[in-house]
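S.K.: Top to bottom, those sequences are chains A and B. Mind the numbering: the first sequence is residues -5 to 403 in the numbering used here, read in order. Mind the numbering: the second sequence is residues -5 to 403 in the numbering used here, read in order.
There's no promise every hint is true.
Heads up, the list lumps identical chains together, so a pair's fine if it works in one copy or across two of them.
Unchecked claim - Pairs of lysine-lysine, DSS-like flavour, derived with a Cα cap of 25 Å: (1) Lys237 / Lys123; (2) Lys128 / Lys237; (3) Lys306 / Lys172; (4) Lys150 / Lys237; (5) Lys70 / Lys284; (6) Lys250 / Lys354; (7) Lys290 / Lys237; (8) Lys226 / Lys123; (9) Lys172 / Lys123; (10) Lys70 / Lys14; (11) Lys368 / Lys290.
Hints in this document: simulated from the structure, not taken from any laboratory.
There are 2 protein chains.
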Amino acid sequence: MTQLFKSCYYVSDDKVPGLKSYGELNPPSRLLLGPGPSNVDPRVLKAMVSPLVGHLDPYFFEIMNDTVELLRYAFKTNNKLTIPVSGTGSAGMEAALYNTVEPGDEVVVGMNGYFGERMNEIASRCGGKVIGIKEDWGKVVRKEAVEDALEKSKAKVVAIVHAETSTGALQPLHEISKLAHEYGALLLVDAVTSLTGCELDVDALQIDVCYSGSQKCLNCPPGLSPITFNEKAMNKVLARNTKVPSWYLDMSLIDKYWSEGRAYHHTAPISMIYALREALRIVYEEGLEKRWARHKKNSQAFIEGIEAMGLKMHAEKEHRLPSLNSVAIPTGVTDTNVRSTLLNDFNIEVGGGLGALRGKIWRVGLMGINSNEKTVIIALEALERALRKEGYKVTAGEGVRAAADFFSK
Amino acid sequence: MTQLFKSCYYVSDDKVPGLKSYGELNPPSRLLLGPGPSNVDPRVLKAMVSPLVGHLDPYFFEIMNDTVELLRYAFKTNNKLTIPVSGTGSAGMEAALYNTVEPGDEVVVGMNGYFGERMNEIASRCGGKVIGIKEDWGKVVRKEAVEDALEKSKAKVVAIVHAETSTGALQPLHEISKLAHEYGALLLVDAVTSLTGCELDVDALQIDVCYSGSQKCLNCPPGLSPITFNEKAMNKVLARNTKVPSWYLDMSLIDKYWSEGRAYHHTAPISMIYALREALRIVYEEGLEKRWARHKKNSQAFIEGIEAMGLKMHAEKEHRLPSLNSVAIPTGVTDTNVRSTLLNDFNIEVGGGLGALRGKIWRVGLMGINSNEKTVIIALEALERALRKEGYKVTAGEGVRAAADFFSK
Chain A
-5 MTQLFKSCYY VSDDKVPGLK SYGELNPPSR LLLGPGPSNV DPRVLKAMVS
45 PLVGHLDPYF FEIMNDTVEL LRYAFKTNNK LTIPVSGTGS AGMEAALYNT
95 VEPGDEVVVG MNGYFGERMN EIASRCGGKV IGIKEDWGKV VRKEAVEDAL
145 EKSKAKVVAI VHAETSTGAL QPLHEISKLA HEYGALLLVD AVTSLTGCEL
195 DVDALQIDVC YSGSQKCLNC PPGLSPITFN EKAMNKVLAR NTKVPSWYLD
245 MSLIDKYWSE GRAYHHTAPI SMIYALREAL RIVYEEGLEK RWARHKKNSQ
295 AFIEGIEAMG LKMHAEKEHR LPSLNSVAIP TGVTDTNVRS TLLNDFNIEV
345 GGGLGALRGK IWRVGLMGIN SNEKTVIIAL EALERALRKE GYKVTAGEGV
395 RAAADFFSK
Chain B
-5 MTQLFKSCYY VSDDKVPGLK SYGELNPPSR LLLGPGPSNV DPRVLKAMVS
45 PLVGHLDPYF FEIMNDTVEL LRYAFKTNNK LTIPVSGTGS AGMEAALYNT
95 VEPGDEVVVG MNGYFGERMN EIASRCGGKV IGIKEDWGKV VRKEAVEDAL
145 EKSKAKVVAI VHAETSTGAL QPLHEISKLA HEYGALLLVD AVTSLTGCEL
195 DVDALQIDVC YSGSQKCLNC PPGLSPITFN EKAMNKVLAR NTKVPSWYLD
245 MSLIDKYWSE GRAYHHTAPI SMIYALREAL RIVYEEGLEK RWARHKKNSQ
295 AFIEGIEAMG LKMHAEKEHR LPSLNSVAIP TGVTDTNVRS TLLNDFNIEV
345 GGGLGALRGK IWRVGLMGIN SNEKTVIIAL EALERALRKE GYKVTAGEGV
395 RAAADFFSK
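Construct the complete structure from the given sequences, taking the supplied hints into account.
M.R.: Now the structure itself:
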């Protein structure tokens, strides 16, 4: 045992740099069409390198205020507590669950993909008793199953993934929201891959807690998780019997820094907030509805191309996420060969399947600035070539033509 | 109650942007001499805007490997698990405590400042029973008090702050480390403000877990917390009876992403890791010992200047942190007036006191690139002028002259 860990958690002296030289950063120029991160908007990069100010600087407070207002716009909410959590999307997931669930609480969790399973794991770690609704990965959670779970339990929280990044499924929320509230439960929604990439109206849908990630349809680097809590959810946080298990993610404390009083909690990740503000400014300039429509149109064109090549989409037609397109890998084609060709020959990253879907699907993200006509055409062309290299039979140009036809309609 | 929260957690419609326009970012050029963030090195900014690659891209794995090696250099350790946590320094504190403390475990915590108190809060939140060693804010924790606490308890963790950013005290660790290990306890050390800014040798001191922050002596933006666990600490993590309460900060999972297998955990904050690698490359080029000596020299010059102006340092002479210089505010001078003058007339940020030290000290950070002769002179000159504006009597140029004399020795 000790020997095992010796080799495992100890590095021999020569691994510590002696005279080794570390070169300048020089990353390849990838087209990032995986499940995230997506490419960063050049305007965002520029904003990110603006001179740093302190996290209690009056100028930074203005930037915080702008960021909050713009996040409210993106989420379509009037919730006061609408801020970026200082961590990635998974930190947002923890913040949502850790603040609203106390040890022993029952929680209904939609488990129709990798991130639904993660919600289960996180809700369990903070002492929640999860009532899981299992569904095939690629399908959506049915409202009947939610009603059943609520009826059989005393759950006061329903947690569900709006955009299941692992399957490409887009979850309808309207009926589930109605049900959750009929049973007096809060609705927690994971919108990591949907925020600004498809229709999402937090207030109209009466979502109580909603979180996302900076590195998807916002075209910001990964590292922040926008989150919003409505009044009802915050009342629940403030009325807890036990402290939130994470001090770092305790919303009652974080709220005090983002409110008028500006009480110091932790040092805000200033450069990343500069970046997020700029990304949101871009969303605001385009307008949400236009942005949603753009994502939908480009996804549809991509799907036309995929189907014209004889491939099949993984998610059901009526529940497809425009920002993340899951393509079933045809029999006889090796997942990793195709992805390696795309990466090495074309500098294009697409995602493989996670968990149960490993080797079975590709995940093609068309997010934010990457949701455009040129990218759809390039992605289809590169995929066709990579497939033909693997012996897959497809008429040259079939996919691109179908997409071009769609665009010219 | 509802009304209160109505006004508190709801924003009226007109706060959602209608036709409001959000201007381009244009932060003032501050000299950041507070407790952190410090100014970012221009090379770090440049690295940070390098093209994004995916978090599972072969190129990014190389960058991760470099970052780990360079962090081992900075911490002076051979520990395998030496990585940046995807959150600020406080997330590092949670990671250190949450992984090593289980519910009901006794933990000895040095409480001689704001961050020692925070360790107490966080250790308690994860179910630890804290045996707190209280000391005046500005003093260090005495080894006798640690021995006493260990003797009276079954504590298997001793958590202590190396560089107490709230007081400017530098904690000696050698004797405490010996004691902790004699009693079979792990030693956890907060090195947020000391890493690369003063002598710290994790392996020689037999520190079991040590964490820091990116935004202090490394001159990186805030958002990452470098951390290292030795074999003994990791064995404890792997032998836990209960799961780590935070999935996001579970080191056994994070280790799998940073190890050969590269198992996906959460999306790494790629641009920030680019930035950290560059910051560490700069440290590596200068050399740790030279860097420590530079911080010490500039701090001494600053103190000469402070004392020549008739001011007093807050921390005891033999335990002063070179990277964070705490100055006692003289009677008759208003804290906030001086700091406003410095910020508004000189674009210089210095920190105020936290908690019990509010209004009693200023905290002047001389961290990384900000630890240099020019900055010391400017800081003293600006402080003298701000003090005179407040009616404090000091001979013109006294502080600057003393520092210049010191430098010319």
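S.K.: Next, verify each hint and record whether it holds.
M.R.: Now the hints, each set against the structure:
In this homomeric assembly, Lys237 and Lys123 come within 25 Å of each other (Cα to Cα) both inside a single copy, at 18 Å, and across copies, at 15 Å. Taking CA atoms no more than 25 Å apart as the test, Lys128 paired with Lys237 passes between copies only; the shortest distance there is 23 Å, against 30 Å inside one copy. In this assembly of identical chains, Lys306 and Lys172 lie within 25 Å of each other by CA distance neither inside one copy nor across copies; the values are 33 Å within and 64 Å between. In this homomeric assembly, Lys150 and Lys237 come within 25 Å of each other (Cα to Cα) both inside a single copy, at 18 Å, and across copies, at 24 Å.
Taking the shortest alpha-carbon separations for Lys70 and Lys284, only the intra-copy value of 14 Å comes in at or below 25 Å, while the best inter-copy value is 53 Å. For the homomeric pair Lys250 and Lys354, the shortest alpha-carbon distance between copies (23 Å) is at most 25 Å, but the shortest distance inside one copy (46 Å) is not. Neither within a single protomer nor between protomers do Lys290 and Lys237 lie at most 25 Å apart by alpha-carbon distance, with minima of 42 Å and 41 Å respectively. Taking the shortest Cα distances, Lys226 and Lys123 sit within 25 Å of each other inside one copy (22 Å), while across copies they are farther apart (33 Å).
In this assembly of identical chains, Lys172 and Lys123 lie within 25 Å of each other by CA distance solely inside one copy; the values are 22 Å within and 43 Å between copies. In this assembly of identical chains, the alpha carbons of Lys70 and Lys14 lie at most 25 Å apart only when taken from different copies (16 Å versus 51 Å within one copy). Only within a single protomer do Lys368 and Lys290 lie at most 25 Å apart by alpha-carbon distance; the minimum there is 15 Å, versus 56 Å between protomers.
This entry does not satisfy hints 3, 7, going by the numbered hints stated previously.
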